[in-house]
Amino acid sequence: DGGITQSPKYLFRKEGQNVTLSCEQNLNHDAMYWYRQDPGQGLRLIYYSQIVNDFQKGDIAEGYSVSREKKESFPLTVTSAQKNPTAFYLCASSIAWTGGQPQHFGDGTRLSIL
Amino acid sequence: EDKVVQSPLSLVVHEGDTVTLNCSYEVTNFRSLLWYKQEKKAPTFLFMLTSSGIEKKSGRLSSILDKKELFSILNITATQTGDSAVYLCAGGGYSGGGADGLTFGKGTHLIIQP
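Residue numbers (the numbering used here), protein chains in the order written: chain A, 116 to 229; chain B, 41 to 154.
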C-alpha cells in the first residue's frame with residue numbers, strides 16, 4: 116500500500132544536539148512538506164519542496180533544515196538553534212506543486228527535550 | 041499573511057446530535073478549502089472545495105464553501121462516538137512560484153458523548 120512513513124515515532128533531544136526526523140513516501144508525489152503542531156494549535160509550515168533538489172522556507176523555518184536528494188525522501192533536521200523543539204512533527208506530500216492540493220500525512224514524530 | 045479561523049474551538053454533544061463546524065479564511069490567490077479529521081496521529085483528508093455553493097457529501101458528513109463570504113461549514117449528522125476528533129480546516133493558495141503548503145486553522149475539538 117502506498118503511504119508516508121515517518122520515523123521514529125518518538126524522539127528525545129539533548130541540549131545542543133541536532134536530530135533528524137525521517138520522512139519517506141511511495142506515492143510518487145512531487146511535493147513534500149513539513150509541519151509542526153503544538154497543543155491546541157493548528158499545523159504550521161516549516162519547509163516544503165516542489166521537486167528534487169529544491170526546497171523553500173515556510174512560516175517557521177528558523178532552527179530547522181531539510182534536504183531533498185531523492186523524490187521519495189524529505190528528512191528534517193532540528194538543529195540546536197531551535198530553542199523550543201518540543202512538538203508533534205508531521206510530514207505530508209501532494210501529487211502536484213500547484214498549491215491547494217490535498218496533502219496526505221504520515222503518522223508523525225513526537226519530539227521532546229531531555 | 042494568510043489566516044484561517046475555526047469556530048468553535050471545542051464542542052461537546054450527545055450521540056445522535058447534528059453539529060456544524062465553521063471555518064473562515066483569508067488566503068492569497070485562493071484555490072481550495074480543505075477539511076481534515078485528526079484523531080491521534082495523522083490528519084485524514086475529508087473534503088476539498090474549490091467551487092462556491094456546491095456541497096460535497098460523504099455519508100453523514102457534508103461541506104459547502106461560500107467564496108463570496110470567505111467561509112466554509114462542515115456538517116455531521118447523526119453523530120457517533122467515532123466522530124470524536126479534531127477537525128482541521130485549511131486554505132490553499134497559489135503564489136505563482138509553486139506549492140505554498142496549506143494554512144491551517146487551530147481546529148475544532150469535537151467530543152461525542154454516548
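It cannot be assumed that every hint is accurate.
As the list claims (entries may be wrong) - Mimicking EDC-like on lysine to aspartate or glutamate, the simulated pairs with C-alpha atoms at most 16 Å apart in a straight line are:
{"id": "1", "chain 1": "B", "residue 1": "81", "chain 2": "A", "residue 2": "184"}
{"id": "2", "chain 1": "B", "residue 1": "81", "chain 2": "A", "residue 2": "174"}
{"id": "3", "chain 1": "A", "residue 1": "124", "chain 2": "A", "residue 2": "139"}
{"id": "4", "chain 1": "B", "residue 1": "80", "chain 2": "A", "residue 2": "222"}
{"id": "5", "chain 1": "A", "residue 1": "198", "chain 2": "A", "residue 2": "130"}
{"id": "6", "chain 1": "A", "residue 1": "172", "chain 2": "B", "residue 2": "123"}
{"id": "7", "chain 1": "A", "residue 1": "186", "chain 2": "A", "residue 2": "174"}
{"id": "8", "chain 1": "B", "residue 1": "146", "chain 2": "A", "residue 2": "139"}
{"id": "9", "chain 1": "B", "residue 1": "43", "chain 2": "A", "residue 2": "174"}
{"id": "10", "chain 1": "B", "residue 1": "77", "chain 2": "B", "residue 2": "106"}
{"id": "11", "chain 1": "A", "residue 1": "198", "chain 2": "A", "residue 2": "169"}
{"id": "12", "chain 1": "B", "residue 1": "107", "chain 2": "B", "residue 2": "66"}
{"id": "13", "chain 1": "B", "residue 1": "146", "chain 2": "B", "residue 2": "66"}
{"id": "14", "chain 1": "A", "residue 1": "185", "chain 2": "A", "residue 2": "139"}
{"id": "15", "chain 1": "A", "residue 1": "124", "chain 2": "A", "residue 2": "222"}
{"id": "16", "chain 1": "A", "residue 1": "186", "chain 2": "A", "residue 2": "153"}
{"id": "17", "chain 1": "B", "residue 1": "77", "chain 2": "A", "residue 2": "169"}
{"id": "18", "chain 1": "B", "residue 1": "80", "chain 2": "A", "residue 2": "169"}
{"id": "19", "chain 1": "B", "residue 1": "43", "chain 2": "B", "residue 2": "109"}
{"id": "20", "chain 1": "B", "residue 1": "146", "chain 2": "B", "residue 2": "42"}
{"id": "21", "chain 1": "B", "residue 1": "108", "chain 2": "B", "residue 2": "41"}
{"id": "22", "chain 1": "B", "residue 1": "107", "chain 2": "B", "residue 2": "95"}
{"id": "23", "chain 1": "B", "residue 1": "81", "chain 2": "B", "residue 2": "123"}
{"id": "24", "chain 1": "B", "residue 1": "81", "chain 2": "B", "residue 2": "66"}
It is worth saying that the hints were derived from the structure and are not from the lab. Computed from a predicted structure; not experimentally measured.
Now for the hints, and whether the structure bears them out:
1. B/81 with A/184: 27 Å, violated
2. B/81 with A/174: Roughly 22 Å between the alpha carbons, so the hint for residue 81 of chain B and residue 174 of chain A is violated.
3. A/124 with A/139: Given that 16 Å is the threshold and the Cα spacing comes to 13 Å, the pair holds.
4. B/80 with A/222: 9 Å, holds
5. A/198 with A/130: The hint holds at about 9 Å.
6. A/172 with B/123: 35 Å, violated
7. A/186 with A/174: At roughly 23 Å apart (the allowed maximum being 16 Å), residue 174 of chain A and residue 186 of chain A break the hint.
8. B/146 with A/139: Since the Cα atoms of residue 146 of chain B and residue 139 of chain A sit roughly 26 Å apart, the hinted pair is violated (cutoff 16 Å).
9. B/43 with A/174: Roughly 12 Å between the alpha carbons, so the hint for residue 43 of chain B and residue 174 of chain A holds.
10. B/77 with B/106: The given pair, whose Cα atoms are some 21 Å apart, is violated under the 16 Å limit.
11. A/198 with A/169: 26 Å, violated
12. B/107 with B/66: With a Cα-Cα distance of about 10 Å, the restraint between residue 107 of chain B and residue 66 of chain B holds, given a limit of 16 Å.
13. B/146 with B/66: 14 Å, holds
14. A/185 with A/139: 10 Å, holds
15. A/124 with A/222: 8 Å, holds
16. A/186 with A/153: 28 Å, violated
17. B/77 with A/169: Between residue 77 of chain B and residue 169 of chain A the Cα gap is close to 30 Å, so the pair fails against 16 Å, i.e. violated.
18. B/80 with A/169: 31 Å, violated
19. B/43 with B/109: Holds: residue 43 of chain B and residue 109 of chain B sit about 14 Å apart, inside 16 Å.
20. B/146 with B/42: 13 Å, holds
21. B/108 with B/41: 19 Å, violated
22. B/107 with B/95: Holds. Residue 107 of chain B to residue 95 of chain B sits at ~13 Å (cutoff 16 Å).
23. B/81 with B/123: 15 Å, holds
24. B/81 with B/66: 27 Å, violated
In this structure, the hints that do not hold are numbers 1, 2, 6, 7, 8, 10, 11, 16, 17, 18, 21, 24, in rising order.
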